[in-house]
Amino acid sequence: MDILLIHLFNALLYASVLFLIAGGLSLIYGVMRIVNLAHGNLFALGAFITASAVGQWFAGSTSVWLYLLLPLGALGAAAIGAILEPTLLRPFYRRPEEYQLLVTFGILMILEDVMRFVWGPYPVSATTLFEQMGSMTVGDWIYPRYNLLVIAIGGLAAIFLWAFIYRTNFGILLRATSQDMRRASALGVNVNLVYVEAFTIGCFMAGLGGAIIVPSQSAVLGMGVDALVLSFIVVVVGGLGSLEGALVGAVIVGLLRETAISLFPELELAVLYLIAALVLLVRPAGLFGRAT
Amino acid sequence: MVGLGAGMAHAQEKPKGTIPDKPFKIGHMTFFTGAGAVLGEPMYKGNLLAADEINEKGGLLGKRKIEILKADEAAGTDANTKEMRRLKLSEKIDMFMGITSSGNTPALGPVAEELKLLTIFVDGCTDFLFDKAVPNPRYIFRITNIQSADGSTCALGVAMTWPDIKKVAHIHPDYSYGRNCFDHFSIVTKKVLPRAENVSEAWPKLFSTDFTPHITKTLGAKPDLLVTSLWGGDYVAFYKQALQHGLFTKMKVATTLALGSAPQSIGKDHPDGVLSGVHSNYHFTYPGGNRWPLNKTFVEKYHAKFNEYPNFQAEGAYTATYVLKTAVEKANKLMGGWPDDDAIISQIEGMMIPGPGGYVYIRPDNHQGYKDAITGFSKQVAEYPFPILDPTRIITIPIRNITAPPGWPKGEPTSTYTWIDQTWPTVKTA
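Protein chains in written order, with the numbering used here: chain S, 38 to 329; chain U, 1050 to 1479.
Hints listed in this document are in silico derivations from the structure and should not be mistaken for laboratory results. Among the clues, some could well be false.
[Claimed, not checked] Which bits of chain U does chain S cover? Going by a derived footprint, with three or more residues having C-beta under 8 Å, they are:
no.: 1; region: 1251–1260
no.: 2; region: 1286–1295
no.: 3; region: 1307–1314
Everything numeric in this text was worked out from a predicted model, so none of it was measured. The beta carbon of each residue, even a glycine, is placed where N, CA and C say it ideally should be.
One chain only, chain U, in its complex shape (with noise of 0.2 Å):
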C-alpha cells in the first residue's frame, strides 16, 4: 500500500526513465460563487493541499509539479461543458477534477469520455452518472460514495437506534439528492421498519431560507421521526427555526447531510442526539485522536493551512489527487518514463487505498469509489464552537452492505434501489 501525506510518507523511490518536468495540469471545476460554494471551497482546499504537498517533494515523479487552474460550477451545465472542452483544448490540462452538483456529471461525463480526458469527479455522486449517462467507462472515475448510500445509511441508522418509529415525515429539497435520498430511505424502511409509514411530506425548493410552513406541516402530522436531507445554508436556516418551533423536543430527527457540508457553520444551538448525516462519507473528527494517524495529520494540515476543518469534499478531492499520484508511480515502476492515460487507468481500476477517512476502493467495471459508510449523533463539547459526531456513539456500515454489487443489472430509479428490493429480505415484526 503505499502512504499517503506526511504522516505515512516513506522514502520516495527514484523513478524509472527519464521523466518531463512540464507542469501536470488540472483543471478543478467547482462552486466558487453562489450557494454551492459551501461545498464547493473545501473541495479546491483539499486538492490544492495535495497539490502542494507532492509539489514540495518535488512534484508528481519528484519531476511534474501539479497546476491547478480553476473553473466555476456555477456557470451552469451547458457553460460548464463547454468549459470542460476548452480546458483540454485550448489549456491542455491533463486531467480533470471536481464537481459537486448531480446534475453536471451526466452532462460532463460524456463529454470527458469523447476528450479522452483523465477525470475523477470528487462529488457530484448521482447513481444516474454509472447507471445510465456512461454505464462503461472508460476514462472518468468518482471518489465520494455514491448518492443512493445516503439515503440508506440514514434508515439503517434509524433502525439501529429508534427501532420503534411508526410514523415517519419527511422535508427533502425538491431535486434530485432529495429524491434519491426520500427513495432509499424509502426502500430500506420498508425492508427493516416494515411497520413505519409515511404522514408527511414537503419538498421545498433547493436554497430556500423559509421552512416555517414545512415546520407547521411536519408538527401538524405529529410524526415520530423527520427525515431531511436539507443542507448548507439550508439546514442552518431549517433548525434554527425549527428549534423555536419546539420541533426537536417532539419528534426524532434525522438527516443526511447535516454535518457534512460545513462543519464550522452549525451553532452552539443546534441540539444533541440528532442523527446527523455526513454524506456517508467522513466527519473530520471520525476516526479520531491518533486511531487513524492519516487523518490526525491530514486535519491539522488542512486547519494550519486554511483556518477552517476540512469536509467530505475536502477529503474527498485530497484523497483523489493521491489516488493520481499513487497510479503514476505504479505505472512507472512497470514501464518507466512518464506513464501514458491509459497505464494510469489500468492503476486507477481495483486500487486500494487509504486516504483521512478510511480506505478507497475504486471499482474496476464502474470506476466508483466505494468506503464504508459513516454517519453519527450530534454532540457539543468543549473543544470545538460547533456540534460534532458523538465519537462514542459512530456508526459505520460496510458499503457493500448497501450499494449494488459488481454484476447486478441497471435498475430503475437506481440499480441499488431494484438490489434492496429484490435481495434485502424484510424483517418479521411480531
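Just chain S, same shape as in the assembly (with noise of 0.2 Å):
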C-alpha cells in the first residue's frame, strides 16, 4: 500500500510543477492569444535566479529564513515578463501569428543566452532548502519532505488562481477580454493594462515552478526548452486556454510517467507523446478546451 502513496507523491510533484508552466502558457493563450514559446525559459530564469540566490549570494547559511527567498524566481520571471509585453508584444498583436511565434522564439534564445552569459554552462544547486526539511518514512520507504512542500505550493496555486479568476473583478475583466477583446474595449475596459497583467501572472507562475523544484534538482541550461515542450504536451491534452484543463492535463500526464517508469520503462519517452496524439483524435481541442 506505501508504495501506492509514494507513487502518488511522485506523480502529483511532476504535476505541481507542469501545472505551474502549463498554467501560465494557457492563461497567457486564453487571454492574448498567444503562444509564448519564451515561456519554458521564464520558467528555467526562475530556477536560475532562486538558485543563485540560495546557492550563490547566501551559501553556506542554513537559516530558515532561506526559504522566503523562493518566490524570489518568481518575482524575477514576472518583472522580465512585465518588461516584455509592452516592449517587444504589443507592436505585433495586429500582425499575423506567425510574426508573435518568432519574436516568442527569439526571446527564447536570447533568454537562454542570457543565461548561459550570467550562470555559465555548469549547474547551479539550491540544495539546502531541499536537505534542510530531511526525510520522512512512509512505512519502509524514506520519502523527502520538500517534495511534499512542492505539491503544496502547486494545489495552493492552483486555488489561488481558481479564486482570483473567478472571484475577483480583475478576474471578470480578464474573462471578459479573453472572450471579446474588441467588446471589452469599447465597455471601457483597458485592455494594454488588462495583457500586461495577464503577461506578468503567467510569468510569474513559470518562475514560480522553477523556483520550487530546483532545491530538488539544480538550474541547467536548456531546462526552458525541455519544460516547453512538455507543457505543450499538457495543454495539447487539457486543452489551450482552458486553465482547469491544465490542471488535469498535468495531472494525467504526472499519472501516465509514473505509471510507465514503474511498469514499462522502454516507453518512458513514448508515452506522453502517444497520449497527446490520442487526444489530438477523440478530442483536437483538448479535453477542456473549446472548439474555434
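Assembly of the complex is requested from the two constituent chains, each provided in isolation within its own frame, with the hints serving as guidance.
Right, here's the structure in full:
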C-alpha cells in the first residue's frame, strides 16, 4: 500500500510543476491568443534566480529564512514578463500569428544566452532548502519532505488562481477580454493593462515552477526548452487556454509518466506523446478546450 | 618522445625549409549552449590552452600561429554538417576539432572524409563511428577512449570491489551512450559475475531533472547494486534526490561518468565510496602530486587561466592539439617546409604521445586513440570543495584488455561486444 502512496506523491510532484508552467502558458494564450514560446525559459529563469540566491549569494547559510528566497525566482520572471509584453510583444498583436511565434522564439533564444552569460555552463544548485527539511518515513520508505511542500504550493497556486479568476473584479475583466477583446475595450476596459497583467501573472507562474523545483534538482542550461515541450503536451491534453485543462492535463501526464516508468520503462519517452496524439485524435481541442 | 607543455618542453629545433607565417586555422565545434555545454566548454578551453602555449613560442614550427574558430554543436546534426562544409570551404580551416555528442561524429565523419578535412574528434566516442560509419578512415581521428570502454571499466570495477553482487538495477539516459553502457556492463558482468542478474531498468530521457520515479522503482526492486551512466546536470539532480530517499545507504552505486563531466559541479553532500566513473579517461587528480609532471603543470595552468579544474574533455582537446604539433614537427623533420596533410596523417597514425592523463596511442588501422582506462571511488577531502577520486583506491585497466584488437571483425552491437562475448572466459562460481 505504501508504495502506491509514494507513486502518487511522485506523480503529483511532477504534476505540480507542470501545472505551474502549463497553467501560465494557457492563461496567456486564453487572454491574449499568443503562444508564448519563451515561456519555458521564464521557468528556467525562475530556477536560476532562486538557485543563485540560495546557493551563491547566501551560500553556507542554513537559516530557515532562506525559504523566503523561494518566491524570488517567480518575482524575477514576472518582472521580465512585465517588461517584455509592452516592449516586444505589443507591436505585433495586429500582425499574423507567425510574427508572434518568431518574436517569442527569438526571446527564448535570447534568454537562453543571457542565462549562459550570467551563470555559465555548469549546474547551479540550491540544495540547502531540499536537505534542510529532511526525509520522513512512509512504512518502509524514506521520502523527502520538501517534495510535499512542492505539491502543496502547486495545489495552493491552483486554488488561488481559480479564486482570482472567478471571484475577483479583475478576474471578470480578464475573462471578458479573453472572450471578446473588442467589446471589452469598447465598454471601457483598459485592454493594454489587462494584457500586461495577464502576461506578468503567466510569467510569475512559470518562474514559481522553476523556483520551487530547483532545490531538489539544480538549474541547468536547456531546462527551459524541455519544460516548454512538456507543457505543450499538457495543454494539448487539457486544451489550450483553459486553466482547468492545464490542471487535469498535468495530473494525467504525471500519473501516466509514473506508471510507465514503473511498469514499462522503455516507454517512458513515448508515452506522453502517445497520450497527446490520442487526445488530438478524439478531441482535437483538448479535454477542456473550446473549439473555435 | 616529444615533450608536451612547459613541464617537459625542450629546446625547439629550428624547422627545416621555409615555413609560411599564415595562421593555422582550427574549426572547433562543440556545445557552447544547452545542457551539453557542461562538456563542451572545457573541451574548447583545453584546445585554447594548448594553442596559447604553442603560440607563445611562435606557433606551429615557430611560425604558424593557431587561430581557433568556434562553432556551436547545439545547432543540430544537419546544421553541424553544413557548418563543417562552410568552415572548410569559406573559412578555409586547416583542421577540424571538437565534437561531444555520439550522435554527431557518425554524421560528420563521412563529411570530413569527403572534404578531405584533417579532423581530430575529441569525443563523440561511439564505437559506431569506426565500426560502421567510417570503417576505413583516412582524414579523421579520435582522441578520447572509445565508448564501450565505459561500461566495461565500470563492470570490472564492480567485480573487483564487490564480487558478491547478485541483484543489479540500472538507470541510464535513453540515448546511444546509455544503451552502450548498459550493453557493455551487461556482457562483462555475464563473464566475470555470472551470478548477477538484472532486477530493474529505468530509461529517463537525456537532460531530465526529475528522477523520483526512477529512484522509487529502483528502491522497490531491492538491488545490491545500482549502475548508472547519468552525467552532468542529470547526475547532480539524481544524486541529490537519491540522498533524500536514502538510496546510497541501501545499495552500492556504480557510475560511468559521475565525476567526469564537471568535477566542481558535484557538491560536498555527495557520499563517499561511490564507484565514480570519469568516462574511463581522466580525472585531474590522477596521477596526483608530482607523479606525472605533465598533469601537474596542465592542471595548474588550466586553473590559473580559467579558475576551474579540467575534465576529460579538456585533457582530450589539449592532448589532441599536441598530437597535431608533434605530427607537424616530425613530418617537417623528414621532408622540410610545411608538411601536407598526407605527411601529417602518416605521422599521427601509430603515434604514441604522453598527455596529462597518461600515454595515448593512435591506432593506425582505425585512427582511434587508446589510453589506459581509469575509474575510482568518490571521496570528500579538505583540499577541494567537491569530491575527488580517492587517491588510494584508483583502478586502472590496460585498454587492450577491454577493447577489440586490430584485425577483429566488425560486430553487432559493437566489435568490442562480440570480442568480449566470444573470447573472454567465464568466471567459475563455487
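Honestly, which of those hints from before does the structure not fit? none
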